[in-house]
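Asker: Listed below are the residues making up each chain.
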Amino acid sequence: MDKQHYVLQAKGVDISVNSAQGRLPLVHDLHLDLKPGKVLGLVGESGSGKTITCMALLQLLNPKTIQIGGSIQLNGRELNGLKPKEMRNVLGKEIGYIMQNPMNAFTPVYTIGSQFVETIRAHTPLTKKQAIELAVSSMAAMDLQEPEKLMRMYPFQLSGGMLQRVMIAISMCLRPSVLIADEPTTALDVTSQMQVLSELDRLRKECGTSILLISHDLGVISALADDVAVMQKGRIVEKAEAFQLFDQPQHPYTKKLLQARPMLPMEYEREKLVI
Amino acid sequence: MNLLEVVGVTHTYGSFRSFRRKEKAATALSDISLSIGEGMCLGLLGTSGAGKSTLGKVILGVEKPTKGTVLFQGQDLYTMGAAARKHFRRDLQVVFQDSFSSVNPRMTAEKIISEPLENYERLSPSELKRNVAQLLEVVGLHADDMTKYPMQFSGGQLQRINIARAIALKPKMIVLDEPVSSLDMVTQTHILTLLNELKAEYGLSYLFITHDIRAAYSVSDALAVMDKGRVVEMVQDKDEIFSSQQPVVKKLVSSILPEHPRNRTLLNGDVFV
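Taken in sequence, the protein lines are chains A and B. With positions in the first sequence counted from 1, the corresponding number in the numbering used here is that position plus 3. With positions in the second sequence counted from 1, the corresponding number in the numbering used here is that position plus 23.
Derived by calculation from the structure, the hints in this document are not laboratory data. Bear in mind that the values here come from a model prediction, so they are computed numbers and not experimental data. Some hints could be false.
Pair ranges (Cβ atoms, derived) [what the hints assert, rightly or not]: (1) A:Q253 to B:E144: 45 to 53 Å; (2) B:L192 to A:F159: 32 to 40 Å; (3) B:Y36 to A:R178: 13 to 21 Å; (4) A:K152 to B:K87: 30 to 38 Å; (5) B:Q98 to A:L27: 52 to 60 Å; (6) B:K274 to A:E149: 21 to 29 Å; (7) A:L63 to B:R285: 48 to 56 Å; (8) B:D114 to A:K67: 51 to 59 Å; (9) A:L27 to B:P148: 37 to 45 Å; (10) A:R26 to B:S124: 29 to 37 Å; (11) A:K236 to B:Q259: 38 to 46 Å; (12) B:Q259 to A:T127: 56 to 64 Å.
Below, in silico cross-link-like pairs of lysine-lysine (DSS-like), each with a Cα-Cα straight-line distance of 25 Å or less [said to hold, decoys possible]: (13) A:K236 to B:K90; (14) A:K96 to A:K38; (15) B:K251 to B:K90; (16) A:K131 to A:K152; (17) B:K195 to A:K152; (18) B:K80 to B:K195.
Cβ atoms here follow ideal geometry from the backbone N, Cα and C, with glycine treated the same way.
Chain B with its partners taken away, still in its complex shape (with noise of 0.2 Å):
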């Protein structure tokens, strides 16, 4: 059994029928199927507006879908009952793109990091503590960054302490929305890295949203392309997304930025003779 089964989504917005007025919904997701396996992380790419946000939501319970149904270890994310809910809930977390608005910026580090340790187990006040001090280590931070507050931190250290959060609880799964966009080259790599790592380590699950094929493919084991509310490609294997034949797959691989100015695509005058 696959760990999270997403079968046949579709989901609009904005269908409000009002008196008189005809039904106007924007389609975000149009009959989407896909599967992620225990220990495995799928890769969603897509240019902006293909609806891997909205797919994000859907898989992460909190924007019912129109048509289609959820199933996380075999159970449905929206007929379940509270108590499976609260369950599910502690398995499935998530890290944003945006480290800032994620976290409360009146709560110091070891709170955002503690709440959803408080939420879901009974700890002592000296536990609680222990456990966000060797989390925090985890993620690369040091124990006396406890008692910061977001804004003294950085973007990169931010998305850490959000990841710190998210694996608090040792979840099954992570859904990771553009969670290295909007970090510099360096601080992506060591996010990318430690991201890593923790796959390795706990046997967690992803699904990383993302349109940068190189952060991607770093991730991933398996890969999907969306475009216009449609997965478009999908294949097991992350080294076939180069030979497909898809033209959105074609359009994205063909923006991959050169690594060296050697390669460089955009050149067809003669600057360099």
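Here chain A stands alone, though its shape is the one from the complex (with noise of 0.2 Å):
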């Protein structure tokens, strides 16, 4: 696949960060390509640097004490050294963003519906008639129930699930090539978990979006990712896909992510199955 396939590409991004003890390297020498429609999953556990890699492809990291090298492109577009006002409107617009906490991606203090409003005019010429009118029927196709009610209630007034799916709404209305999700699912239970990831899942089918999706469970990878890159240490120790590397595990780490599974009965029948 030649170079205008990726949607997404990363190449060689160093990260560190200037601090009293001189400077230190976060993430080296890092390599990701995402190709249009598909999902990629990033795992490692806590400390890895996922999310600080995340933060950098967006450009949200304060320049003046973290240092990125390399290239970030999108859509064949570098986005490394970009000026914050350009970047703004990359961001929301080119690239969705979908954080680990709901509660706290919301200001509390105004509506759900303003807040949507304001993603949308901030990017479109729209007007305010119009932008409530996409609001309104994006959160429906998020299978929300009601949601000329929910425009006008508080972010507090909403379970974490709903949050995140008003959250996903928000970052889908205006139809991003890229949609990053930093863990999220991790602050959910596990029915609302399975309820978010199954909206991810249609997104990527109907809108064609592709997926970076960060996680440090395996389960969350496995019932989603094409791809799979695992981090350890600020580096990516194996690259592969899905079940290559779910049946074949290269590096020890990998394996051992594996195996720090805990299984239930039926699983290992099926593991038997396979063997």
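These two chains come separately, so use the hints to put the complex back together.
Answerer: Following this line, the structure appears as structure tokens:
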């Protein structure tokens, strides 16, 4: 596959931070390629640099203290080193971002509706009325009940799972080509986790969005990802297609991650069948 | 006699009745009965808002239920005298989900773990130090970690310190309120293994509150499932949970994530052909 086929491509990205002890490297020589309509899973334990990587891709880090080297390209356009003002046009419109904790991602003092409309109107010339219509329809598409009523509600009136779906609705209403989901289900319970994952799956199928799915949970990764990259201590130690990674892990760290999961009885059965 | 007996507990929140205002109360628990034997672990499952944590609080003796009784070793928690209560506090310990907010940030690990020992046992300073060092080793940390402050530990390490504090007095039972939910997979497994080892070694009973069947299954002997303040399913053998006909349980079981992409349930398109 040649270069044009990647929606988001990171080449040789190094991230380092200035601290009292001098420059500390955080991420070394990172290569990531996101193909259109595919889900790339990024997995690793806490502190391995997953979140810092996606913040770097979004250029959200403070350039005074953190240096990013290498190249980050979105549809062939270089993002690294873009001015904050230019970056603002890209974020939300071309890259969607879902954070780990939906409770912190919203301002508690404004209604869901006003935050939704603000995002839409910042990027499009739509009128307020049109923006509201778009917001309601995209919330309805996310299987949220009574979207008109939700528009007038405050974030704390909704449950975590619902807020996360509103978040996905906001990030998806402008049809970005890439969605970065940083631990989208970690703060949710199992049933809402399943719901959020199936919404993400639907987006990928219906809109052809590429998703960078970051998680520490191999269960989430195996539910959705096409390709998986395993990260440890700021390096990508293994990159493979999902089936291959689960069947034939190469790196010892990947094996450790795979073995780290508590098994259920029916899975032992399946495991036996495979062998 | 069972170690812990919960009989017909009903609990409502916000039942303040004031002049001319009608009583408005949210029922968190309704008519819950369960029992935990010695050395047994009961996994309490349920989605968020099912009332799991409220039940945990009621069992810990910090939230007096509106109706019903909680018996610990045959004694009612909420009517026992001060001396019995002090004794009970020793035998029932707790570990919460958020490890950072359950320790004092201005105390060292040594002070955190030695606090219960100081309250209940008369030890000389050197004995105390030796005890704390031993406890740290038991939970898989080093004795030199004693001088560190909570912010110098990671979430998993701090959860270990919380566990060390809980087992310091050799309790009979520990209430584990989502002890692994905010930790990553590798750390989760370490903590679950540690809990299993401690259970075997000290003959501890657990009430393991979680929404993750995988985690509950690896530690528990019996499982109970809660929904909207009621226990909807209770199995003494944890394997029976998978064959349960209860819709709530079925939904929980169906949202277990696959352990291999081959078994993914989400897939209805043809991405993998």
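Asker: It remains to establish, for every hint, whether it holds in the given structure.
Answerer: Hints and how they fare:
1. A:Q253 to B:E144: 45 to 53 Å: 52 Å, holds
2. B:L192 to A:F159: 32 to 40 Å: 38 Å, holds
3. B:Y36 to A:R178: 13 to 21 Å: 43 Å, violated
4. A:K152 to B:K87: 30 to 38 Å: Given about 36 Å between the Cβ atoms, the range holds.
5. B:Q98 to A:L27: 52 to 60 Å: Taking Cβ atoms as reference, Q98 (chain B) and L27 (chain A) lie about 56 Å apart, which means the hint holds.
6. B:K274 to A:E149: 21 to 29 Å: 22 Å, holds
7. A:L63 to B:R285: 48 to 56 Å: Violated: the Cβ-Cβ distance is about 36 Å, outside 48 to 56 Å.
8. B:D114 to A:K67: 51 to 59 Å: At roughly 54 Å between Cβ atoms, K67 (chain A) and D114 (chain B) fall inside 51 to 59 Å, so the hint holds.
9. A:L27 to B:P148: 37 to 45 Å: 39 Å, holds
10. A:R26 to B:S124: 29 to 37 Å: 33 Å, holds
11. A:K236 to B:Q259: 38 to 46 Å: 44 Å, holds
12. B:Q259 to A:T127: 56 to 64 Å: Between Q259 (chain B) and T127 (chain A), where Cβ atoms are some 59 Å apart, the hint holds.
13. A:K236 to B:K90: Distance of about 52 Å is beyond 25 Å: violated.
14. A:K96 to A:K38: 18 Å, holds
15. B:K251 to B:K90: 17 Å, holds
16. A:K131 to A:K152: The given pair, whose Cα atoms are some 17 Å apart, holds under the 25 Å limit.
17. B:K195 to A:K152: 50 Å, violated
18. B:K80 to B:K195: 17 Å, holds
Comparing the model with each numbered hint stated earlier shows that hints 3, 7, 13, 17 do not hold.
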